Amino acid sequence: MEQKQEYWGWLATGYFFLAAMGAMMAAVVAMLDVLGVTVIDQIYGWVSFAALVITGCGSLLLMVELTHIFRAYLVYARPKSIMCMGSYLLTSFLGLTFVYTTFFIYFVPWSGWVLVRKLVAVLDIVAALGLVVYPGLELAEARGRSFWQGSGLVALFLVSATSTGLAGVLLMLIFFELSGSEYLGVLSTLLTVSLVLQLVLLGSYLWGVRLNGTKEGRQAILNMVKGPYCVNFWGGVVVLGTLIPLGLSILGKMVPFAVGAAALVLIGGLFFRRTFLQAAERISMPGEENQQINDQQTKELAAALESRWMEKARWLKNQCS
Amino acid sequence: MRWGMLIDLKKCVGCHACTVACQNENHLPLAMKYCKVYKVGPEGEYPNLTSYNIPIACMHCQEAPCVEGCPSGASHHREDGTVSINPKKCVGCRFCLLVCPYGVRHMNKETGAVEKCTLCVERLETGEVTRCTETCQLKARHVGDLDDPDSELVRIIHKENARPLYEHLGTKPSIYYIMP
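Chains G and V are the protein sequences, given in the same order.
According to the numbering used here, the first sequence holds residues 13 to 333 in order.
According to the numbering used here, the second sequence holds residues 2 to 181 in order.
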């Protein structure tokens, strides 16, 4: 019986996390730009560039995950597939964010074209939102893993990504010593709202799967709440990733609190994706739980047998010669 | 034309001969099994107990999540309805392993491509039956054309009210089971 989802591990987790963080960072500054907010406009270009680098690093993790890295271009081959759509979204987002970033380079001829920049920002927001939402749809394709079938998964991914994106922008504001700007307070408040929403959605998602889900869905929740992933879930997602940053955001808008909250939100975002990816068990085949030895033990036994046979073959060869 | 299979669980004794024959036919390492046989039960309460064996391999679903999800088109439907993998197109993203509800796909670490039961289509094309069907001493397996209403396979499926495994998942498998 499968105890966890074992095919996508830390690399996929890292990709989902970095892509979500980068996409929402870019989306936040693009939205501020479109709305005409000028208080922190000196860092729009830098945030956009950081989003590009962060998402690019995530894409590299995705490439490393492939066993045939030089065939990576084939992921664009079948547009009907959700993964292929994700690849197109990722590429569009990277391209648009790159173009958007160039508007902030002073010697670039089009740096003064405000209207075009805002048009690119709108397209970038659309691509970013698509990139953030598609992992929820992608995971929902696994019909045998009912833990991912809940209707709130997409919303949960979106809210978690918003939190990490806001945290990223907050950290950049502080890095560029713009902590005095009124937008630090606004972003901190937005982060608080996003964390509250995340907490509510997380609770209701788990509750919903527990009430309506299949045996495997309920088991996945038990594994998260009481089982092997409880440290990651309670420690990483709930306490470190949501409750403490929520407390810090509510306590005050001072820089140390904001830095602490933002850093913890990022850690929480990583743990959230890790736990949600790992916990989803596949539906059990009849009798699968009776399997006397698991796949790993079978592999070890097979390797031992092969080695014994090779030893015997060598012995026979020596006897014959 | 749509190849399918029927497995009579009333006849299967769980000898694992199909597993070994499949490994032999496909030159698989010992640890890799395209076809696994699970022992179910004993279930129920005395004296109403039941126990049976169930061979599980690729279900060659008509609405296969692996085919729908494959970004490179490596997993595809052949004209004969079977699900096949083109190893030259497989990028090794493992998404098909993730979405297959039956857990019957394997990553071959040597080739870096995903593999699974092919329903021995090369044998079927030459008029032979699949290797597991040929090997089964209890004649628990039948292979044939699911689109032909006069075929023996379809006749037995109707007569015995055979059903695919986990029909509710909506993948429309081509492997049917006669439950004990």
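FYI, nobody ran anything at the bench for these hints, they're computed from the structure.
Fair warning: this is a prediction, and the values are worked out from it, not measured in the lab.
Among the hints, a few may not be true.
Over 12 Å on every C-beta distance to chain V, these chain G residues come out as not near it, computed from the model [what the hints assert, rightly or not]: (1) G26; (2) G68; (3) F82; (4) P91; (5) S191; (6) L209; (7) V267; (8) G299; (9) C332.
Subject to a maximum C-alpha distance of 30 Å in a straight line, what follows is the list of computed DSS-like cross-link-like pairs (lysine-lysine) [stated by the list, open to error]: (10) V:K90 / G:K92; (11) G:K311 / G:K324; (12) V:K173 / G:K92; (13) G:K227 / V:K140; (14) V:K110 / G:K311; (15) V:K12 / V:K160; (16) V:K11 / V:K110; (17) V:K89 / G:K92; (18) V:K89 / V:K160.
Covered, in the sense of this in silico footprint (three residues per stretch, anywhere, with C-beta under 8 Å from a C-beta of chain G), are these stretches of chain V [as the list claims (entries may be wrong)]: (19) 18–26; (20) 118–132; (21) 140–151; (22) 160–171.
Cβ atoms here follow ideal geometry from the backbone N, Cα and C, with glycine treated the same way.
Evaluation of the provided hints:
The claim that G:G26 is not at the interface with chain V holds, since no C-beta of that chain comes within 12 Å of its own (minimum 15 Å). Annotated as non-interface, G:G68 keeps its C-beta farther than 12 Å from every C-beta of chain V; the closest such distance is 19 Å. Distance check for G:F82 against chain V: the nearest CB is about 9 Å away, which does not clear 12 Å, and the non-interface claim fails. Remark: the non-interface label on G:P91 conflicts with the geometry, its nearest Cβ contact in chain V lying 9 Å away (cut-off 12 Å).
For G:S191, the non-interface assignment is confirmed: its Cβ lies about 42 Å from the closest Cβ of chain V, beyond the 12 Å cut-off. No Cβ of chain V comes within 12 Å of the Cβ of G:L209; the nearest lies about 28 Å off, and the non-interface call holds. Chain V leaves G:V267 outside its interface by the beta-carbon criterion, the shortest separation being 42 Å against a cut-off of 12 Å. The beta carbon of G:G299 is not kept farther than 12 Å from every beta carbon of chain V, the shortest such distance being approximately 3 Å.
Listed as outside the interface, G:C332 is consistent with that label: its C-beta sits roughly 26 Å from the nearest C-beta of chain V, beyond the 12 Å cut-off. Restraint check for V:K90 and G:K92: the C-alpha separation of about 16 Å stays at or below 30 Å, so the hint holds. Our distance criterion of 30 Å between C-alpha atoms is met by G:K311 and G:K324, whose separation comes to about 20 Å. Taking the CA atoms of V:K173 and G:K92, the gap is about 19 Å. The hint holds against a cut of 30 Å.
Between G:K227 and V:K140 the CA atoms are separated by roughly 34 Å; this puts the pair beyond 30 Å, and the hint is violated. With a C-alpha separation of about 12 Å, the suggested pair V:K110 and G:K311 falls inside the 30 Å cut-off, and the hint holds. At most 30 Å may separate the alpha-carbon atoms for a hinted pair to count; V:K12 and V:K160 meet this at roughly 16 Å. Distance hint between V:K11 and V:K110 is unfulfilled; the C-alpha atoms sit about 36 Å from each other, more than 30 Å.
For the suggested pair V:K89 and G:K92, the alpha carbons sit about 20 Å apart, so the restraint of at most 30 Å is met. This hinted pair does not check out: V:K89 and V:K160 have alpha carbons roughly 42 Å apart, beyond 30 Å. Requiring three or more residues with a Cβ within less than 8 Å of a Cβ of chain G, the coverage given for the stretch 18–26 of chain V is violated, as only 0 such residues are present. Evaluation of the coverage hint for the stretch 118–132 of chain V: breached, as 0 residues show C-beta separations to chain G shorter than 8 Å, against a requirement of three.
For the stretch 140–151 of chain V, the assignment as covered by chain G is violated, since 0 residues bring a beta-carbon within under 8 Å of that chain's beta-carbons and 3 are needed. Counting residues of the stretch 160–171 of chain V whose C-beta sits closer than 8 Å to any C-beta of chain G gives 4, which meets the bar of three, so the coverage hint holds.
Of the numbered hints listed earlier, those contradicted by the structure are 3, 4, 8, 13, 16, 18, 19, 20 and 21.
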